[in-house]
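If you read the sequence shown in full-length UniProt numbering, its first letter stands for residue 1, the second for the next number, and so on.
Rather than coming from a laboratory, the hints here were simulated on the basis of the structure.
Treat each hint with caution, since some may be false.
[What the hints assert, rightly or not] Distance condition first, Cα-Cα at most 25 Å in a straight line; then the derived PhoX-like pairs of lysine-lysine:
| no. | residue 1 | residue 2 |
| --- | --- | --- |
| 1 | 136 | 115 |
| 2 | 68 | 114 |
| 3 | 136 | 114 |
| 4 | 68 | 136 |
| 5 | 129 | 68 |
| 6 | 76 | 114 |
| 7 | 129 | 76 |
[As the list claims (entries may be wrong)] Ranges of calculated distance between the beta carbons of each label pair, as one might list FRET restraints:
| no. | residue 1 | residue 2 | range |
| --- | --- | --- | --- |
| 8 | 15 | 68 | 17 to 25 Å |
| 9 | 39 | 3 | 46 to 54 Å |
| 10 | 24 | 122 | 23 to 31 Å |
| 11 | 96 | 25 | 29 to 37 Å |
| 12 | 154 | 34 | 39 to 47 Å |
| 13 | 67 | 11 | 18 to 26 Å |
Backbone N, C-alpha and C define an ideal beta-carbon position, used for all residues, glycine too.
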Amino acid sequence: MDEILYFEDIEIGDSVAFGPLTLSREETIAFAAEFDPQPFHLSDEAAATTHFRTISASGWHTTALFMKMFVAEMQKQPGHQAASLGAMGVDELRWLRPVRPGDTLRGTNEVINKKISQSRPEMGIVRNKVTLYNQKDEPVLTMCPIAMWRTRPA
């Protein structure tokens, strides 16, 4: 395993790119059918009666695709994931424009803040800014995940 990335190794401004991933019509509909069965996520006919005009992916699907791409990128360097302790939540989640079948997504994750946990000094809190883009380089999602990282052992 490569060198473990601990809280102390993470710097404000650090950035990682991830993706790309192309969304298929079948997976768009399958996700919506199971988790967000609103008509405009399931058929072009229903979407035609809305501002979407054609089928669009659920925002929750787009958010899940971020996680899929980001974790795949982290797994390329297992040491960079070894000290990750998960997340406390997400602030400022915004779906900026529809994601449609056939779109190719990619993203960036930038560290914007970090601090040692006051109640759990064996971990630090890292706040990130995530942006997902479509194939036209238009932002489709932004959010600020709040992750927990193990501090370097004494």
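Original post:
For which of the previously enumerated hints does the structure constitute a violation, in increasing order of number?
Top reply: Violated hints: 1, 3, 10 and 11; rest satisfied.
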